[in-house]
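*Asks:* Residue numbers (the working numbering), protein chains in the order written: chain A, 2 to 173; chain B, 2 to 105.
Hints may contain errors.
[As the list claims (entries may be wrong)] Dumping the calculated DSS-like pairs for lysine-lysine here, alpha-carbon to alpha-carbon at most 30 Å:
1) Lys26/A <-> Lys104/B
2) Lys91/B <-> Lys26/A
3) Lys104/B <-> Lys92/A
4) Lys26/A <-> Lys92/A
5) Lys91/B <-> Lys92/A
6) Lys91/B <-> Lys104/B
Just so you know, the hints here were simulated from the structure itself, not pulled from any lab data.
Bear in mind the structure is a predicted one, so any value in this text is a computation, not a measurement.
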Amino acid sequence: MTEIILFSLFALTAVTCALGVVFHKNPVHCALLLVAVLLSLAGLFIMLHAQFIAALQVIVYAGAIMVLFLFVLMLLNVRRHEDVLTPGAAKGFGFLFALIVFVELLWVALSPGGGEQGSVGAPAALPQEFGSPAAIGRILYTTWLYPFEITSILLLVAVVGAVLLARRKFVG
Amino acid sequence: MSTIAVPLAAYQILAGALFTIGVVGVLVRRSALIVFMSIELMLNAVNLSFVAFSRQHGSMDGHIFVFFVMAVAAAEVAIGLAILIAIFRKRETANVDDVHLLKG
Numbered sequence: 002m003t004e005i006i007l008f009s010l011f012a013l014t015a016v017t018c019a020l021g022v023v024f025h026k027n028p029v030h031c032a033l034l035l036v037a038v039l040l041s042l043a044g045l046f047i048m049l050h051a052q053f054i055a056a057l058q059v060i061v062y063a064g065a066i067m068v069l070f071l072f073v074l075m076l077l078n079v080r081r082h083e084d085v086l087t088p089g090a091a092k093g094f095g096f097l098f099a100l101i102v103f104v105e106l107l108w109v110a111l112s113p114g115g116g117e118q119g120s121v122g123a124p125a126a127l128p129q130e131f132g133s134p135a136a137i138g139r140i141l142y143t144t145w146l147y148p149f150e151i152t153s154i155l156l157l158v159a160v161v162g163a164v165l166l167a168r169r170k171f172v173g
Numbered sequence: 002m003s004t005i006a007v008p009l010a011a012y013q014i015l016a017g018a019l020f021t022i023g024v025v026g027v028l029v030r031r032s033a034l035i036v037f038m039s040i041e042l043m044l045n046a047v048n049l050s051f052v053a054f055s056r057q058h059g060s061m062d063g064h065i066f067v068f069f070v071m072a073v074a075a076a077e078v079a080i081g082l083a084i085l086i087a088i089f090r091k092r093e094t095a096n097v098d099d100v101h102l103l104k105g
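Using the sequences and the accompanying hints, generate a full structural model.
*Replies:* Printed below as a string of C-alpha cells:
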C-alpha cells in the first residue's frame, strides 16, 4: 500500500514538473523544475531496488549536469521572448506527432504481453546484492569492460570538443 | 520480498508520459536550452523504463545501460552547450528558429 502511495506521489510530481519544464516561460524555473523531475525519478529508482543508480542520478544528473545548464543559462543571459512556443503550423504538428507517439507507447505498454511467455508474470526474485555498488561494479568490470573503456574515450572526445568549441577564437 | 504492489505497466506508462512531454518540448519550444532540457527528459524516461524492466527480470544489465546513458548524456550536454555558446557569440541568439544557415 505504501508502495502505491509513494509511486503515485513521485509519478505525479514527475509529470507535473515535466509539464512545467516544457511550458514555463522563465528558463531558470524550467531548469529547477527539471531538477525536481530528476529527484522524483531517483525516488522511483530506489523503489525499484536500484540504489546505486539513484545515487548516480542525484549526483551526476541533478548535481553536475544541471549545474552546467544553470551556468550556461546565466552566462548567456538570454532575453525573454514574447512567444515561447514556435509559431504557426509547426506547433500544431508538434502536438499532433507527440500525441501519436504517446498513443503508440500506451499501446505497447498495455498490450497483453508479446513473446513466448504470453503475459507479464510476477517479477523475478532478486539476488541478495541487487542494485548495490559492489554488484554493479562486478559486472561492469567483467561483462561490460569493453563498453566501459569505449565510454571513457567518448568522454575524452567530449572534453576536447567542448574546449575547442568554447574557445573565444577559432584557429584558421 | 513480497509481491510487488506497483505493476510493471504503471512504470512503462509513466515513462511513456515523460518521454512524450520531452517530445513536445523538442518540437514546440524555441529556446535551444529548453530543447536540451527536453532531451534530458526523454533520456530519463528511457532510464526509468530500463530500471523497471531490470527489476522485473531480476537482471542488472539494465542498470549498466542506465550508467552508459548517463555518461552519454553528460558528453552530449557538454558538447551541446559548447555549440550553443559558440552560436550565441556569433549570432546573439539562442533561438532554434533563427539558426537556418543551411537552408540555402
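*Asks:* For each hint, tell me whether it holds in the structure or not.
*Replies:* Results of checking the hints against the structure:
Restraint check: the Cα-Cα separation between Lys26/A and Lys104/B comes to about 28 Å, which is no more than 30 Å; the hinted pair holds. Proximity of Lys91/B to Lys26/A is assessed by CA-CA distance (about 25 Å); at most 30 Å being required, the pair is judged to hold. Taken as a hint, the Lys104/B and Lys92/A pair is honoured in the structure, with Cα atoms around 20 Å apart against an allowance of 30 Å. Restraint check for Lys26/A and Lys92/A: satisfied, since their Cα atoms lie roughly 16 Å apart, inside the 30 Å limit.
A C-alpha spacing of about 27 Å is found between Lys91/B and Lys92/A, which places the hinted pair at or below 30 Å, so the restraint holds. At most 30 Å may separate the alpha-carbon atoms for a hinted pair to count; Lys91/B and Lys104/B meet this at roughly 18 Å.
Hint compliance for this structure: every hint is met.
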